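J.: These are the residues of each chain, in order.
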Amino acid sequence: MSFDLMVIGAGPAGLSAAAEAASHGLKVAVFDENALPGGQLFKQIHKFFGSKEHKAKMRGIDIGIELLEETDSLGVKVFLNSPVVGLYKNREIVVRQKETVRHFKADSIIVATGASENLLPFDGWTLPGVMGAGAAQTMMNINRVKPGNRVLMLGSGNVGLVVGFQLLQAGCELVAIADAAPRIGGYGVHASKLTRTGVPFYLSHTIMRAEGRENVTGVVIGQVDENWQHIPDTEKHFEVDTICLAVGLSPSAQLLKMAGCKMSQNGTPVCDKSGETSLYNIFAAGDVSGIEEASSAMIEGRISAAAAAKKLGFISEKSFQKRSGELDAALSELRQGMFAPQNRNAPLEKTDEGFNISKSLLKKGYITEEEISEYPGFKPGAGIRPVIECTQNIPCDPCRDICPKGCIKVENIVSLPVYDENTNCTGCGLCVAACPGQAIFLTDDRPGKVEEGKVAITIPYEFLPLPEKVGPGMAYDRSGAPLCPAYVSKIQESAFLGKTPLVTFVVPKNMAMRARFWKAV
Amino acid sequence: MNNPDVIIIGSGVIGNATAYNLAKRGLSVTVLEKSPIIGDGGSSRNGGGVRQSGRHPAELPLAMYAIKNLWPGLSDELGTDVEYCQKGNLRLGKTKEHLDILKGLVKSNTAQNLDMRMIDYKEAREICPYLSEEVKGASWCATDGHANPMLATLAYYKAARRLGVRFITGVDVVTLRKIRGRIAQVCTADGTVYNAGQIVVAAGYESRKILSSVGIDIPMSQLLMECIVTEEAPPMFEQMLGTAMADFYGHQSKHGSFVFGGAHGFEPFATAGDVQTSSIGTSSTCRAIIGYFPALQHLKIVRTWAGWLDDCADHIPVIENALPGLTVGCAFSGHGFGISPVVGVLLAELAAGEQTTLDVSAFKHDRFKAKI
Amino acid sequence: MTDRQYIIGEFSPASDDDLIICRCEEITKGEIRRAVFDGMFNICEVRRLLRCGMGLCQGLTCGRLVKSVIAGEIGLSATALEDATARAPMRPTEMFIFAKEVTDE
Numbered sequence: 001m002s003f004d005l006m007v008i009g010a011g012p013a014g015l016s017a018a019a020e021a022a023s024h025g026l027k028v029a030v031f032d033e034n035a036l037p038g039g040q041l042f043k044q045i046h047k048f049f050g051s052k053e054h055k056a057k058m059r060g061i062d063i064g065i066e067l068l069e070e071t072d073s074l075g076v077k078v079f080l081n082s083p084v085v086g087l088y089k090n091r092e093i094v095v096r097q098k099e100t101v102r103h104f105k106a107d108s109i110i111v112a113t114g115a116s117e118n119l120l121p122f123d124g125w126t127l128p129g130v131m132g133a134g135a136a137q138t139m140m141n142i143n144r145v146k147p148g149n150r151v152l153m154l155g156s157g158n159v160g161l162v163v164g165f166q167l168l169q170a171g172c173e174l175v176a177i178a179d180a181a182p183r184i185g186g187y188g189v190h191a192s193k194l195t196r197t198g199v200p201f202y203l204s205h206t207i208m209r210a211e212g213r214e215n216v217t218g219v220v221i222g223q224v225d226e227n228w229q230h231i232p233d234t235e236k237h238f239e240v241d242t243i244c245l246a247v248g249l250s251p252s253a254q255l256l257k258m259a260g261c262k263m264s265q266n267g268t269p270v271c272d273k274s275g276e277t278s279l280y281n282i283f284a285a286g287d288v289s290g291i292e293e294a295s296s297a298m299i300e301g302r303i304s305a306a307a308a309a310k311k312l313g314f315i316s317e318k319s320f321q322k323r324s325g326e327l328d329a330a331l332s333e334l335r336q337g338m339f340a341p342q343n344r345n346a347p348l349e350k351t352d353e354g355f356n357i358s359k360s361l362l363k364k365g366y367i368t369e370e371e372i373s374e375y376p377g378f379k380p381g382a383g384i385r386p387v388i389e390c391t392q393n394i395p396c397d398p399c400r401d402i403c404p405k406g407c408i409k410v411e412n413i414v415s416l417p418v419y420d421e422n423t424n425c426t427g428c429g430l431c432v433a434a435c436p437g438q439a440i441f442l443t444d445d446r447p448g449k450v451e452e453g454k455v456a457i458t459i460p461y462e463f464l465p466l467p468e469k470v471g472p473g474m475a476y477d478r479s480g481a482p483l484c485p486a487y488v489s490k491i492q493e494s495a496f497l498g499k500t501p502l503v504t505f506v507v508p509k510n511m512a513m514r515a516r517f518w519k520a521v
Numbered sequence: 001m002n003n004p005d006v007i008i009i010g011s012g013v014i015g016n017a018t019a020y021n022l023a024k025r026g027l028s029v030t031v032l033e034k035s036p037i038i039g040d041g042g043s044s045r046n047g048g049g050v051r052q053s054g055r056h057p058a059e060l061p062l063a064m065y066a067i068k069n070l071w072p073g074l075s076d077e078l079g080t081d082v083e084y085c086q087k088g089n090l091r092l093g094k095t096k097e098h099l100d101i102l103k104g105l106v107k108s109n110t111a112q113n114l115d116m117r118m119i120d121y122k123e124a125r126e127i128c129p130y131l132s133e134e135v136k137g138a139s140w141c142a143t144d145g146h147a148n149p150m151l152a153t154l155a156y157y158k159a160a161r162r163l164g165v166r167f168i169t170g171v172d173v174v175t176l177r178k179i180r181g182r183i184a185q186v187c188t189a190d191g192t193v194y195n196a197g198q199i200v201v202a203a204g205y206e207s208r209k210i211l212s213s214v215g216i217d218i219p220m221s222q223l224l225m226e227c228i229v230t231e232e233a234p235p236m237f238e239q240m241l242g243t244a245m246a247d248f249y250g251h252q253s254k255h256g257s258f259v260f261g262g263a264h265g266f267e268p269f270a271t272a273g274d275v276q277t278s279s280i281g282t283s284s285t286c287r288a289i290i291g292y293f294p295a296l297q298h299l300k301i302v303r304t305w306a307g308w309l310d311d312c313a314d315h316i317p318v319i320e321n322a323l324p325g326l327t328v329g330c331a332f333s334g335h336g337f338g339i340s341p342v343v344g345v346l347l348a349e350l351a352a353g354e355q356t357t358l359d360v361s362a363f364k365h366d367r368f369k370a371k372i
Numbered sequence: 001m002t003d004r005q006y007i008i009g010e011f012s013p014a015s016d017d018d019l020i021i022c023r024c025e026e027i028t029k030g031e032i033r034r035a036v037f038d039g040m041f042n043i044c045e046v047r048r049l050l051r052c053g054m055g056l057c058q059g060l061t062c063g064r065l066v067k068s069v070i071a072g073e074i075g076l077s078a079t080a081l082e083d084a085t086a087r088a089p090m091r092p093t094e095m096f097i098f099a100k101e102v103t104d105e
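Protein chains in written order, with our numbering: chain A, 1 to 521; chain B, 1 to 372; chain C, 1 to 105.
Derived from the structure by calculation, the hints contain no laboratory data.
What you are looking at is a predicted structure, and each value in this text was computed from that prediction instead of being measured.
Even for Gly, the Cβ is constructed at its ideal location relative to N, Cα and C.
Check the hints yourself; a few may be wrong.
Unchecked claim - Below, a list of computed lysine to any residue pairs in the SDA-like style, where the Cα atoms sit at most 25 angstroms apart:
| # | chain 1 | residue 1 | chain 2 | residue 2 |
| --- | --- | --- | --- | --- |
| 1 | C | Lys-100 | A | Ser-116 |
| 2 | C | Lys-29 | A | Asn-118 |
| 3 | A | Lys-105 | B | Tyr-130 |
| 4 | A | Lys-77 | A | Glu-214 |
What the hints assert, rightly or not - Computed footprint of chain C on chain B, listed as stretches where at least three residues anywhere in the stretch have a Cβ under 8 angstroms from a Cβ of chain C:
| # | region |
| --- | --- |
| 5 | 14 to 23 |
| 6 | 283 to 296 |
| 7 | 303 to 309 |
| 8 | 324 to 334 |
Let the hints inform the model, and build the full structure from the sequences given.
T.: And the structure:
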């Protein structure tokens, strides 16, 4: 059987590529080894960063559903349970389907096989209970199995932070996040989501050993110096049944390598701007061509598909230029900011606007009270207003777009959001729910709405069970330290909030700029 | 650095075995290898057969000598387990035509005193209980066997290195050069010139190009052979296996995985230089194997690979002192591994100017004549 | 060009030599280190000598780890070493499945 384009991998890059190509009239088939399409998307229950065109504030699962509707409506043939076992000469693939192998050919191939998790050997790493963070995520979010009860996460990149939060959502106890690096690797807002619930960070720490005979019963971490050498007498012991490793991803480029694509030293294929490899009409898109966020992968897939459509004569040079111009612009927006690939090893000192980047945020996972007051999203005052604790330049702007009153300004996609005091916040809470970093809160001390001397604080609350109305509890500060008793005054759930419930709790007024989390007692 | 007594071109099992045997004599040896990897050609890409049965009459004495005198002690001698297993070779037939082919082989080989005979299905089943009932008979040679070619190649490399042999990888030898009528220099693509008292060319198919620089042409072509490797299985049988039709061959390794070579019929048309497997080879080999060993059908294939063999016009090698200063060992035509220990000895003797242990006069390069 | 006479010194045992690196074939760090000292200077040679990365997972788990052990011993960065060759099938597949080819329908 033969196609204009075959896409290998039905993840974010592959499905986007298929949809783009089919929209230009190509006959497209997608092959995936899994029983369900979507790749990692259906594991990603968190909201994406970026802008509208990057599907920001949508959850991965919902993006996956949308992409599948798009490919379906365009007539893309998706072969599931169909691992591609080899990529051969003349753009031929051999695919395992049921109890046979089938041969397929196409004029063009986009390899979008994603990445696999790195592992780290240490004493005890082969014990049951040591697993990749992605594996834990699959267990929780696909198979609905709790990976363990008490978990230590190694790795503070976005994968470690996001999966760490999902472990909490699944009801696990996250005893610590450790990382050998001296600073937290992922977004500060992701780290802050964890610290305010009480998860401690151990930077410059790595795993010394896992304990246990039949399975993991504990873990010992220890401090390392700037040359990654262990510092004696710094060991810390935790009782855990699970150790998650989030120590990076490696491109799954074996098919491309097998086919004879020229490879670079970091294990990715050498590609041109459109993702075409050294082999004619064979493209690589998404993580297989370099590890990035799924948002970038989706655009890369479309860029490769548009290039394939042009090469096969489905679109003119002119319409290709127009389309690839749009896509390149969207991709370069995502590749801005302090976490962009080109800035990966740059020191984090100041934001683009010249604000000092919180050292505490990089080391401990939360911003201190003194530091937060510097930022333009943080303007304490009377009445109801958003407090935006977004302090790093990350390409993301849903808070601006969602506010019906235009209270939040984001100059360009990576700028820090600014609360404009000359507008009228109605307290609708849309920004609180929309922020993918859960970094926006509402404070409300309006007389008549809130008791004298008190303030109501609204937080995003993605945990079950939801608190009971007027439930007694404790307010916690950004570091996860208990502050004062607090009762819940309101719980909001609605379709507009994108499945992020809002919880409002009441504390004394002097806690307005400190209380950022609530737990039942 | 002083010039070595001998330079060997090619770090395959032949080159390494020769290096080892020369170093044992106290000679200084340098091995030049084109690839960055030791023994990356046919030496690491073959079915591992160590057999006498089915050999060409000229080659059979070499195989018989190696199996009698060298293979049994090789692991101990080299200090690495080369997984030599001497449990016989079954060559299987399903039809009368097959059995006629096998009978011909038996007749030819037994004429040279090889202990080999025809056996019926029942006896074959006793030797290997997993045979398909379609098998009608087999030839059987109890003293044949198999070994691990990757380990044997690296075992010779390790042992030679321990004896002081210098290995240089990533050196592309382009020409040989005579000095006053004697081959004495090796010139590489990057312009480096190496000098030695004697030069051994053991570079597989690449030997052809190198030797042509001194006027020697060995009529050989490249054939791409493909193999499959299965997951580990419990020990099932220990014999080396083949068929009358040569549609597959292989064995179960010490590790438990099966290694099988096969043929899909388009081998002569593979793109030169490319070691990619084909999209059809694995399926073809699987069908051949299942036809003889249905019990293996649920084993998983974990790996496939391909490798070139240097197929000589008459399918036997060139082993000789071809010119003053030049020793040649190439054109093994896909069955060099089994005789590599003895070829290493013979090439070392030739290079050292000694009397050879076995007669090698059948392997001269000037044997090729027009047929009419 | 690599002159294999390049001396990397004497093999000395290390405290973590017992650490398993290749889980499928149960190959330890010490075995890999020793292979390097025996002259195996790249992934391919180490694999062929020890079988690490040749098990059911096809080296997907340990490929990087083996590389870093080898690189560590010969004083190179791991990226300077060539990865193991990628070979079909990408996923272990039974012989009877390969035997049944469907070319078209």
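J.: Each hint: holds or not?
T.: Evaluated hints:
no.: 1; hint: Lys-100/C x Ser-116/A; in the structure: 30 angstroms, violated
no.: 2; hint: Lys-29/C x Asn-118/A; in the structure: 17 angstroms, holds
no.: 3; hint: Lys-105/A x Tyr-130/B; in the structure: 38 angstroms, violated
no.: 4; hint: Lys-77/A x Glu-214/A; in the structure: 45 angstroms, violated
no.: 5; hint: 14 to 23; in the structure: violated (count 0)
no.: 6; hint: 283 to 296; in the structure: holds (count 6)
no.: 7; hint: 303 to 309; in the structure: holds (count 3)
no.: 8; hint: 324 to 334; in the structure: violated (count 0)
In summary, the structure is inconsistent with hints 1, 3, 4, 5, 8 from the numbered list given earlier, while agreeing with the others.
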